[in-house]
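Student: Below, each chain spelled out in residue letters.
There are 2 protein chains.
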Amino acid sequence: MLQEWIKAQRPDDEQLAERLEKARAELAVRQMQIKEKKLPVLVLMEGWGAAGKGSVLGKVIKNLDPRFFKVSTMSQPSDVEKREPFLYRHFIKIPEQGKLMFFDGGWMEEITGQYLRDKLTDKEYRQRIVSIRRFERTLTDNGYLVMKFFFHIEEKEQSKRLKRLLDDKNASWRVSEDDLWQNKNYKKAFKVFDRYLFDTNQSNAPWYLIDSEDRKWAELQMTEFLVKAIDTALVNESHAAPILQNTFQLKTMPKLSEIPLKGKELTPEEYKDQLDKCQKRLRELHNELYLKKIPVIIAYEGWDAAGKGGNIKRVAAALDPRGYEVHPIASPEPHEKARHYLWRFWTRLPKDGHIAIFDRTWYGRVMVERLEGFCSENDWQRAYNEINEFEKELKDWGAVIVKFWVHIDKDTQLARFTDRQNTPEKQWKITDEDWRNREKWDLYEEAIDEMIEKTSTSFAPWHVLESNDKKYARIKALKTIIKEIEKKL
Amino acid sequence: MLQEWIKAQRPDDEQLAERLEKARAELAVRQMQIKEKKLPVLVLMEGWGAAGKGSVLGKVIKNLDPRFFKVSTMSQPSDVEKREPFLYRHFIKIPEQGKLMFFDGGWMEEITGQYLRDKLTDKEYRQRIVSIRRFERTLTDNGYLVMKFFFHIEEKEQSKRLKRLLDDKNASWRVSEDDLWQNKNYKKAFKVFDRYLFDTNQSNAPWYLIDSEDRKWAELQMTEFLVKAIDTALVNESHAAPILQNTFQLKTMPKLSEIPLKGKELTPEEYKDQLDKCQKRLRELHNELYLKKIPVIIAYEGWDAAGKGGNIKRVAAALDPRGYEVHPIASPEPHEKARHYLWRFWTRLPKDGHIAIFDRTWYGRVMVERLEGFCSENDWQRAYNEINEFEKELKDWGAVIVKFWVHIDKDTQLARFTDRQNTPEKQWKITDEDWRNREKWDLYEEAIDEMIEKTSTSFAPWHVLESNDKKYARIKALKTIIKEIEKKL
Numbered sequence: 055m056l057q058e059w060i061k062a063q064r065p066d067d068e069q070l071a072e073r074l075e076k077a078r079a080e081l082a083v084r085q086m087q088i089k090e091k092k093l094p095v096l097v098l099m100e101g102w103g104a105a106g107k108g109s110v111l112g113k114v115i116k117n118l119d120p121r122f123f124k125v126s127t128m129s130q131p132s133d134v135e136k137r138e139p140f141l142y143r144h145f146i147k148i149p150e151q152g153k154l155m156f157f158d159g160g161w162m163e164e165i166t167g168q169y170l171r172d173k174l175t176d177k178e179y180r181q182r183i184v185s186i187r188r189f190e191r192t193l194t195d196n197g198y199l200v201m202k203f204f205f206h207i208e209e210k211e212q213s214k215r216l217k218r219l220l221d222d223k224n225a226s227w228r229v230s231e232d233d234l235w236q237n238k239n240y241k242k243a244f245k246v247f248d249r250y251l252f253d254t255n256q257s258n259a260p261w262y263l264i265d266s267e268d269r270k271w272a273e274l275q276m277t278e279f280l281v282k283a284i285d286t287a288l289v290n291e292s293h294a295a296p297i298l299q300n301t302f303q304l305k306t307m308p309k310l311s312e313i314p315l316k317g318k319e320l321t322p323e324e325y326k327d328q329l330d331k332c333q334k335r336l337r338e339l340h341n342e343l344y345l346k347k348i349p350v351i352i353a354y355e356g357w358d359a360a361g362k363g364g365n366i367k368r369v370a371a372a373l374d375p376r377g378y379e380v381h382p383i384a385s386p387e388p389h390e391k392a393r394h395y396l397w398r399f400w401t402r403l404p405k406d407g408h409i410a411i412f413d414r415t416w417y418g419r420v421m422v423e424r425l426e427g428f429c430s431e432n433d434w435q436r437a438y439n440e441i442n443e444f445e446k447e448l449k450d451w452g453a454v455i456v457k458f459w460v461h462i463d464k465d466t467q468l469a470r471f472t473d474r475q476n477t478p479e480k481q482w483k484i485t486d487e488d489w490r491n492r493e494k495w496d497l498y499e500e501a502i503d504e505m506i507e508k509t510s511t512s513f514a515p516w517h518v519l520e521s522n523d524k525k526y527a528r529i530k531a532l533k534t535i536i537k538e539i540e541k542k543l
Numbered sequence: 055m056l057q058e059w060i061k062a063q064r065p066d067d068e069q070l071a072e073r074l075e076k077a078r079a080e081l082a083v084r085q086m087q088i089k090e091k092k093l094p095v096l097v098l099m100e101g102w103g104a105a106g107k108g109s110v111l112g113k114v115i116k117n118l119d120p121r122f123f124k125v126s127t128m129s130q131p132s133d134v135e136k137r138e139p140f141l142y143r144h145f146i147k148i149p150e151q152g153k154l155m156f157f158d159g160g161w162m163e164e165i166t167g168q169y170l171r172d173k174l175t176d177k178e179y180r181q182r183i184v185s186i187r188r189f190e191r192t193l194t195d196n197g198y199l200v201m202k203f204f205f206h207i208e209e210k211e212q213s214k215r216l217k218r219l220l221d222d223k224n225a226s227w228r229v230s231e232d233d234l235w236q237n238k239n240y241k242k243a244f245k246v247f248d249r250y251l252f253d254t255n256q257s258n259a260p261w262y263l264i265d266s267e268d269r270k271w272a273e274l275q276m277t278e279f280l281v282k283a284i285d286t287a288l289v290n291e292s293h294a295a296p297i298l299q300n301t302f303q304l305k306t307m308p309k310l311s312e313i314p315l316k317g318k319e320l321t322p323e324e325y326k327d328q329l330d331k332c333q334k335r336l337r338e339l340h341n342e343l344y345l346k347k348i349p350v351i352i353a354y355e356g357w358d359a360a361g362k363g364g365n366i367k368r369v370a371a372a373l374d375p376r377g378y379e380v381h382p383i384a385s386p387e388p389h390e391k392a393r394h395y396l397w398r399f400w401t402r403l404p405k406d407g408h409i410a411i412f413d414r415t416w417y418g419r420v421m422v423e424r425l426e427g428f429c430s431e432n433d434w435q436r437a438y439n440e441i442n443e444f445e446k447e448l449k450d451w452g453a454v455i456v457k458f459w460v461h462i463d464k465d466t467q468l469a470r471f472t473d474r475q476n477t478p479e480k481q482w483k484i485t486d487e488d489w490r491n492r493e494k495w496d497l498y499e500e501a502i503d504e505m506i507e508k509t510s511t512s513f514a515p516w517h518v519l520e521s522n523d524k525k526y527a528r529i530k531a532l533k534t535i536i537k538e539i540e541k542k543l
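Those protein sequences? They're chains A and B, same order as listed.
So for the first sequence, the numbering used here puts the first residue at 55; every next one is plus one.
So for the second sequence, the numbering used here puts the first residue at 55; every next one is plus one.
Read the hints as simulated data drawn from the structure, not as lab findings.
Ideal Cβ positions, reconstructed from N, Cα and C, are used throughout, including at glycine.
Any given hint could be a false lead.
To be verified - No farther apart than 30 Å at their CA atoms in a straight line, the calculated lysine-lysine pairs in the DSS-like style are these: (1) B:Lys270 <-> A:Lys61; (2) B:Lys241 <-> A:Lys173; (3) B:Lys241 <-> B:Lys210; (4) A:Lys124 <-> A:Lys305; (5) A:Lys177 <-> B:Lys113; (6) B:Lys537 <-> A:Lys245; (7) B:Lys177 <-> B:Lys347; (8) B:Lys89 <-> B:Lys116; (9) A:Lys305 <-> B:Lys238; (10) A:Lys449 <-> B:Lys116; (11) A:Lys305 <-> B:Lys173; (12) A:Lys537 <-> B:Lys61; (13) A:Lys124 <-> A:Lys147; (14) A:Lys116 <-> B:Lys347; (15) A:Lys91 <-> B:Lys89; (16) A:Lys305 <-> B:Lys113; (17) A:Lys177 <-> B:Lys61; (18) A:Lys210 <-> B:Lys238; (19) B:Lys346 <-> A:Lys241; (20) B:Lys241 <-> A:Lys61; (21) A:Lys446 <-> B:Lys238; (22) A:Lys305 <-> B:Lys305; (23) A:Lys173 <-> A:Lys238.
Unchecked claim - Label-pair distances were calculated between CB atoms; the ranges are: (24) B:Asp327 <-> A:Ser213: 37 to 43 Å; (25) B:His389 <-> A:Glu431: 31 to 37 Å; (26) A:Ser213 <-> B:Lys494: 36 to 42 Å.
Claimed, not checked - Covered, in the sense of this in silico footprint (three residues per stretch, anywhere, with C-beta under 8 Å from a C-beta of chain B), are these stretches of chain A: (27) 56-63; (28) 191-202; (29) 497-511.
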């Protein structure tokens with residue numbers, strides 16, 4: 055992209071001042087529309103060292119109300135962040151609806167910086183590109199405006215600026231080792247930047263090349279582009295994003311109705327015996343996972359009263375409390391609802407070597423949210439692929455992913471509901487909502503079948519736990535977890 | 055993509071036969087849905103020589119009604135096709151609504167083949183990739199299902215197959231020089247294929263890698279993928295595609311109301327004198343264009359009775375009739391309506407060295423089609439970018455593009471309408487529709503202002519011809535054409 059780029063012609067000073075004044079005023083109006091229309095706006099600013107990103111950003115935000123924007127400054131990942139998937143530290147910073155988030159340097163700087171310094175292989179570089187393409191696309195598909203600016207200056211101009219800064223006692227601290235390295239290796243960096251821009255120039259999240267030879271001109275370009283793109287995003291407000299073709303390998307899975315529940319039972323003695331053995335084995339494995347820094351994500355979904363809680367308890371009992379966390383997932387809170395629906399799961403990911411158990415999960419999107427109309431049809435139809443992509447990130451990070459559907463039949467649920475109703479110390483466990491959900495059993499079954507069909511990828515298939523006998527389901531859960539961990543070790 | 059690819063596990067023979075039977079039956083049903091829902095389906099099949107694309111295609115179409123599909127076989131561009139823009143011969147073959155078009159080899163084979171044989175520079179390769187990304191995206195944005203299959207076999211398997219074919223007298227003709235070259239240069243080709251797949255793997259038009267070790271298995275994979283993707287496309291049927299951010303450089307243009315028409319006049323003597331000079335010059339230039347193989351595209355739009363016809367006549371009069379064509383554009387015919395709206399302009403492009411004059415153009419999309427509701431709001435809003443991309447293809451091909459808005463004021467139109475009405479030999483030129491359009495003058499003006507604002511790219515800006523005095527407009531048209539051609543020569 056840099057190679058073929060043709061600079062726009064800079065207007066003369068007078069015209070520039072005039073257009074800048076106009077554009078600033080327009081941007082101020084747009085921020086109110088962003089708020090009103092609840093548009094989340096993510097602005098990524100990348101570019102050469104000393105290209106003036108920071109000072110242009112300083113100018114741009116002067117026209118904005120500080121309540122409606124935030125600025126994130128690029129840094130290389132911290133030691134804690136290094137223990138998370140690559141996208142983690144970027145995903146958790148996405149703006150909420152109605153707000154602007156400016157990234158003063160971001161994932162491009164991280165990836166190209168590492169690649170330039172031979173800290174990423176070609177294969178890893180490409181994997182990052184795939185992640186970024188998906189990341190930016192799932193944001194725009196979910197209504198985000200994503201804008202990406204690259205501030206460009208030429209080699210000589212960069213040298214001149216760096217020299218000027220170094221000569222100035224009060225400014226020399228602003229010149230980093232990286233900047234100097236980059237200027238010395240300008241041609242090499244040019245090639246890598248050029249490639250990154252080409253590789254990530256998606257129609258839904260395109261790059262804007264900013265001629266940064268002069269600061270006011272750069273500010274004008276960025277401000278005018280912001281205004282236009284916000285206008286486009288506001289037009290798009292009501293559009294649904296197309297459902298994508300699935301290209302993940304899927305395992306052929308049975309429908310729930312085809313899964314026999316009868317005879318899936320254990321005697322108390324068998325249970326006791328196997329529980330001890332399994333828990334002992336899982337305990338050992340947990341240590342090994344910790345030492346090898348392998349993260350594990352265990353996802354539980356299931357019918358009400360299927361025995362999720364007790365099942366999770368038996369798994370957790372085998373684990374070192376310092377190394378795992380259980381996340382009970384209820385309906386999203388307002389600050390969670392204001393972001394991409396996967397945001398609250400990204401923020402809850404374990405560190406490497408740790409285990410996260412989710413009691414209900416991101417699959418709420420295609421079950422309760424689908425059936426209760428908490429999201430649009432387009433939203434939940436898109437979600438199968440978005441979730442597969444999410445889990446692929448976890449997989450590529452090196453995680454073991456185990457997904458359980460805890461399954462019972464309708465009669466068993468009725469018996470357990472009635473028992474809960476009639477047993478004072480269990481009454482807290484049964485609510486009117488449970489009864490309402492039960493009435494929608496068939497609709498749920500249809501949604502669950504579709505979910506299992508569409509999200510049983512080769513790397514993260516569903517495991518059905520037959521739980522008419524809870525003991526059987528618990529042992530099967532433990533054995534499945536053990537098997538999946540052993541495969542990875 | 056090939057690098058990181060993990061083969062799906064082949065089912066055993068019995069399962070395979072069972073799944074194949076099911077998938078074939080499903081595909082047969084899907085073809086009826088395609089017809090009913092008027093879905094246009096484009097299937098691109100690429101892959102290694104001797105990977106069995108052709109024979110799999112033969113199997114797949116056996117399940118389809120021949121009325122509903124066509125097959126296009128890859129060939130390198132003919133001498134005539136080489137005189138057209140790169141995308142031309144692919145674009146003109148897109149299927150119509152309700153039909154399937156299978157490309158047995160296509161643009162991937164063309165691009166990678168040329169790149170592998172050093173007939174494309176890196177820069178040209180990248181330009182091709184950008185064209186392909188846009189081509190495939192504008193199809194899917196316009197409701198096309200685009201599926202891309204790559205049939206993969208390993209080096210040894212390819213050698214074995216080629217050898218077997220060569221040894222068989224009746225089959226040896228099927229082995230091309232290219233196939234042998236490819237097998238000798240397998241590693242080099244692998245790298246180039248891998249890069250192409252990565253570069254063009256867009257979410258809206260993704261690649262499917264087909265394990266082609268065995269023909270039935272390859273057929274199963276392809277058929278199952280076809281069925282699933284058609285289902286997805288049918289779900290998307292009612293969705294609008296998002297409007298994209300504009301990243302083309304635009305010239306700042308005045309609104310129509312800001313353009314003075316008064317005083318833009320020529321005396322008959324001035325006119326006669328300049329007309330002769332300009333036509334003489336244009337005649338000379340036309341020869342030069344022909345020798346240098348530069349194509350010219352002149353697009354006329356304007357108010358009814360603005361004088362388009364007479365203007366075009368004066369331009370055409372200067373040209374060698376063997377080297378130009380005038381295309382009067384009326385409303386699209388059924389077979390044109392059944393395809394992407396730009397299709398009928400792609401098919402009318404000139405050869406290099408030739409001139410095409412369009413009397414009304416692709417801009418009908420954002421004027422009459424917008425105002426008369428012949429397309430959806432989403433359609434015309436998307437069109438500005440689609441048209442800019444279309445013209446960028448023409449520009450990159452090397453064309454001179456001149457776009458005229460022939461402008462008059464409302465009073466002048468009334469005078470000319472009345473004159474036509476009252477002059478028997480001119481009456482054919484005025485219809486009720488002209489009067490109806492006149493009533494919508496203000497709506498048209500708004501649409502035209504938006505069109506001029508959004509499609510005056512740095513490479514193909516609009517030129518307004520002040521035509522209250524037709525003589526003035528004609529000379530301005532000639533001078534503009536001459537200037538734009540001279541710039542290019």
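Student: Regarding the pair Lys116 (chain A) and Lys347 (chain B), is the alpha-carbon distance no greater than 30 Å?
Tutor: 53 Å, violated
Student: Does the structure keep Lys241 (chain B) and Lys210 (chain B) at a Cα separation of 30 Å or less?
Tutor: 12 Å, holds
Student: Verify the proposed pairing of Lys177 (chain A) with Lys61 (chain B), using a straight-line Cα cut of 30 Å.
Tutor: Holds, at about 18 Å.
Student: Verify the proposed pairing of Lys241 (chain B) with Lys61 (chain A), using a straight-line Cα cut of 30 Å.
Tutor: Distance of about 39 Å is beyond 30 Å: violated.
Student: Would you mind confirming whether the straight-line C-alpha gap from Lys305 (chain A) to Lys305 (chain B) stays at or under 30 Å?
Tutor: Roughly 53 Å between the alpha carbons, so the hint for Lys305 (chain A) and Lys305 (chain B) is violated.
Student: Lys346 (chain B) and Lys241 (chain A): Cα distance at most 30 Å?
Tutor: 35 Å, violated
Student: Has the region 497-511 of chain A got at least three residues whose CB is nearer than 8 Å to a CB belonging to chain B?
Tutor: With 0 residues in contact (Cβ-Cβ under 8 Å with chain B), the coverage given for the region 497-511 of chain A is violated.
Student: If you draw a straight line from the CA of Lys124 (chain A) to the CA of Lys147 (chain A), is it 30 Å or shorter?
Tutor: Measuring from Cα to Cα gives roughly 10 Å; hence the hint holds.
Student: Under the criterion that the straight-line Cα-Cα distance not exceed 30 Å, is the pair Lys210 (chain A), Lys238 (chain B) satisfied?
Tutor: Violated. Lys210 (chain A) to Lys238 (chain B) sits at ~46 Å, over the 30 Å cutoff.
Student: When you check the alpha-carbon spacing of Lys305 (chain A) and Lys173 (chain B), does it fall within 30 Å?
Tutor: At roughly 43 Å apart (the allowed maximum being 30 Å), Lys173 (chain B) and Lys305 (chain A) break the hint.
Student: For a C-alpha distance cap of 30 Å, please report whether Lys177 (chain B) and Lys347 (chain B) respect it.
Tutor: 22 Å, holds
Student: Would you check the hint for Lys177 (chain A) and Lys113 (chain B), treating anything up to 30 Å between C-alpha atoms as holding?
Tutor: 36 Å, violated
In summary, the structure is inconsistent with hints 1, 4, 5, 6, 9, 10, 11, 14, 15, 18, 19, 20, 21, 22, 24, 26 and 29 from the numbered list given earlier, while agreeing with the others.
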